[in-house]
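Asker: Here is how the chains run, residue by residue.
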Amino acid sequence: MKIKLTFWRVVFVVIMVLGLYSTYIRYFHGLGAVSNMTDQFPWGLWIGFDCLCGVMLAAGGFCMVGAVYLFNVERLHAVVRPAVLTAFLGYVLFIVGLLFDLGRPWYIWHQLIYMNPHSVMFEVGMCVMTYTTVLFFEFLPNVFEALNWKTPIKWIKKVYPVLIVAGILLSTLHQSSLGSLYLIMPSKLHPFWYSPALPFFFFGSAVAVGLAMTIFESTQSAKAFGRQLELPVLVTLGGALLVALWVNALLRFEDYFRRGLLEEIIKPSYEAYFLWLELALTFVIPITMLSFKKVRLSPQLLYLASISTVLGFITNRLNIALIGFETYVGHHYVPKWTEFSITLMIIAMGFFLFGLAAKYLPIFAEAEHPVRARLESKAETETVSMVGTPVLDNAGD
Amino acid sequence: MSKALLYDATMCIGCKQCESACAQQNKLRYDDTVAAEAVQSEHKYTVVLTKDDKFMRRLCMHCEKPACASVCPVGAFHKTKEGPVVYDVWKCIGCRYCMVACAFAQPKYEWGSLNPRVRKCIMCPDRVVAGKQTACAEICPTGATKFGDRDDLIREAQERIRLNPTTYLPRIYGLTEVGGTCVLILSSVKPEEYGYPATAKIGETPMPEYTGRVMERVPDFIPVWSLVLGGIYWISHRREEVAIAEAQEEKSGGAR
Numbered sequence: 000m001k002i003k004l005t006f007w008r009v010v011f012v013v014i015m016v017l018g019l020y021s022t023y024i025r026y027f028h029g030l031g032a033v034s035n036m037t038d039q040f041p042w043g044l045w046i047g048f049d050c051l052c053g054v055m056l057a058a059g060g061f062c063m064v065g066a067v068y069l070f071n072v073e074r075l076h077a078v079v080r081p082a083v084l085t086a087f088l089g090y091v092l093f094i095v096g097l098l099f100d101l102g103r104p105w106y107i108w109h110q111l112i113y114m115n116p117h118s119v120m121f122e123v124g125m126c127v128m129t130y131t132t133v134l135f136f137e138f139l140p141n142v143f144e145a146l147n148w149k150t151p152i153k154w155i156k157k158v159y160p161v162l163i164v165a166g167i168l169l170s171t172l173h174q175s176s177l178g179s180l181y182l183i184m185p186s187k188l189h190p191f192w193y194s195p196a197l198p199f200f201f202f203g204s205a206v207a208v209g210l211a212m213t214i215f216e217s218t219q220s221a222k223a224f225g226r227q228l229e230l231p232v233l234v235t236l237g238g239a240l241l242v243a244l245w246v247n248a249l250l251r252f253e254d255y256f257r258r259g260l261l262e263e264i265i266k267p268s269y270e271a272y273f274l275w276l277e278l279a280l281t282f283v284i285p286i287t288m289l290s291f292k293k294v295r296l297s298p299q300l301l302y303l304a305s306i307s308t309v310l311g312f313i314t315n316r317l318n319i320a321l322i323g324f325e326t327y328v329g330h331h332y333v334p335k336w337t338e339f340s341i342t343l344m345i346i347a348m349g350f351f352l353f354g355l356a357a358k359y360l361p362i363f364a365e366a367e368h369p370v371r372a373r374l375e376s377k378a379e380t381e382t383v384s385m386v387g388t389p390v391l392d393n394a395g396d
Numbered sequence: 000m001s002k003a004l005l006y007d008a009t010m011c012i013g014c015k016q017c018e019s020a021c022a023q024q025n026k027l028r029y030d031d032t033v034a035a036e037a038v039q040s041e042h043k044y045t046v047v048l049t050k051d052d053k054f055m056r057r058l059c060m061h062c063e064k065p066a067c068a069s070v071c072p073v074g075a076f077h078k079t080k081e082g083p084v085v086y087d088v089w090k091c092i093g094c095r096y097c098m099v100a101c102a103f104a105q106p107k108y109e110w111g112s113l114n115p116r117v118r119k120c121i122m123c124p125d126r127v128v129a130g131k132q133t134a135c136a137e138i139c140p141t142g143a144t145k146f147g148d149r150d151d152l153i154r155e156a157q158e159r160i161r162l163n164p165t166t167y168l169p170r171i172y173g174l175t176e177v178g179g180t181c182v183l184i185l186s187s188v189k190p191e192e193y194g195y196p197a198t199a200k201i202g203e204t205p206m207p208e209y210t211g212r213v214m215e216r217v218p219d220f221i222p223v224w225s226l227v228l229g230g231i232y233w234i235s236h237r238r239e240e241v242a243i244a245e246a247q248e249e250k251s252g253g254a255r
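For the record, the sequence lines run as chains A and B. Just so we're aligned, residue 0 is where the first sequence starts under numbering that gives the first Met the number 0, counting upward by one. Just so we're aligned, residue 0 is where the second sequence starts under numbering that gives the first Met the number 0, counting upward by one.
Please keep in mind that the hints were generated in silico from the structure rather than gathered at the bench. Treat the hints with care, since some could be wrong.
Stretch-level coverage of chain A by chain B, calculated; a stretch enters the list once three of its residues show a Cβ under 8 Å from a Cβ in chain B [stated by the list, open to error]:
#1 33-41
#2 66-73
#3 175-184
Here are some, though not all, of the chain A residues that point toward chain B, as calculated from beta-carbon distances under 7 Å [claimed, not checked]:
#4 Ile-107
#5 Leu-168
#6 Phe-291
Ideal Cβ positions, reconstructed from N, Cα and C, are used throughout, including at glycine.
Can you build the whole structure from these sequences, using the hints too?
Answerer: In structure tokens form, the structure reads like this:
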């Protein structure tokens, strides 16, 4: 077999080579050598991006599972599998990222025996561990279908309701708890980003980004795999995204209003510039765009609005994790190139694994609705097809 | 009763013997280079800072309700009943949440190590349990660092302020900050000028309460939210089953 040399393959190889070099530095020369983290900045890019943003970007999984299996929005059925795959890969790579960031990653299992229930970090850790397991089982039917194993699929379908409820419960808990991590630093984190409402903001932004990421990845994979775009799906997601953004924006406004910061945030300052960037990307641009019906009906413009949302909330989390501490510390933190390189390697691995899965597993195939499948055994097949909404017929191909 | 340290900056002569005694006690290198370092680090748990002709010591405050102990996912830090906040290195996974959470920025890290540990003053727990003073208090030639019961030291500090109101600022830093600490500071210059966080900024609420308010809701949230989610699932799928049953009935009705 001959592997064709394309631009992206070359980029991938370069990223992997640099990443492996940085990995060597990390494990053979220590955290001090590989990063610009210091006693003043103990959390850097890896916590800010790989962890805070990584978990947020994987939120599409629980959003889509919730929409389809909990609220029966059948139109979205076609995007559940890619969303669950993204989430599963996202969490696995989040754990990979942790293995770089933790000072003693070989003791990561201590979490299971030396539990401290007062620690937010402990809660996040346990939730991520269990949720990754849940996602594994939600993802597994893809593999079984590819192998044509019928019996294990039946078993998983039996416990599907439990998996769905557990997955959404765990996501609610740890998505918001990532924000709670910062509640203990009222004197360190800049007031623009420190708020008692942080857990709500983190959950709210996870839902918005979950929707935006689903739009982004449907469009992106449609391009990459030459598939037809599911317009009704995108339109539904775009509408939901607009609502989610408004809720987020109102929460943020309410918070600044209550804490009397509205005058503060419009005054130019180092932090204000980053806040403006964040607010423009998260709220001003996508909300304005999505308010036009023309945008909500155009896959290309929806794609742009979703990119703005995703970049905006990434800025938000990096502001919380990095920029918000600079005034307290008194100097800037700029990640070393090796830190960037490891983050890039993890992202590249994500794209690579997604591509592999999309190629060999029935991710984009017209998926069976597990509940309908369960009902099929009770009712006849032809009767079932009558239940599906008309929109479903052109979705999923 | 909890033990504590009272540091009276007006009595300090800046001899740095506390630094060297601390290094010796904790088996750390101490030479002229280390002595000249004006910052705490993984090899310097306490430092005597100089500003004009005045001195100020920095060390772990040994909070009554320590943030480091509450945030550690594996409980590697704990507050002993004698007062010291101690660290169990064999539990530590190296997440560094303690460093981010500490209002006094005390935990330091061995960034150069391949099996790094968090380092901070642990208030000589072995000596304290054995009924001895900490190494720094024992060696202090002027009594600027004094070891004793926290309550006694507070009374003594208040007495010193009462007798010399012109020398001292009328406050004991550490009495109420973040809910009280086991290091108490008397001074003529604000400790804030030496990098201590301002009282107004850190407040008097114990740090663990900020996260505790959220964490204590989790045990109730889990069953309630599971029931809500399960309920939604049941309702939306019950509808579907009803629709199927009706469709089936219609079909069999039509066939007849």
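Asker: Work down the list of hints and note, for each, if the structure agrees.
Answerer: Checked hints:
Chain B is given as covering the stretch 33-41 of chain A, and this holds because 5 residues of the stretch bring a CB closer than 8 Å to a CB of that chain, at least three being needed. Against chain B, the stretch 66-73 of chain A contributes 4 residues with a C-beta closer than 8 Å to a partner C-beta. That satisfies the three-residue criterion, and the hint holds. Note: the stretch 175-184 of chain A has 6 residues with beta-carbon separation from chain B under 8 Å; the three-residue rule is met and the coverage holds. Look at Ile-107/A: its Cβ gets to within about 6 Å of chain B, closer than 7 Å, so that hint holds up.
The interface hint given for Leu-168/A is met, as the beta carbon of that residue sits about 5 Å from the closest beta carbon of chain B, less than 7 Å. Using the Cβ-Cβ criterion of 7 Å, the hint placing Phe-291/A at the interface with chain B is not satisfied: the shortest such distance is roughly 32 Å.
In this structure, only the earlier hint numbered 6 is contradicted, and the remaining ones agree with it.
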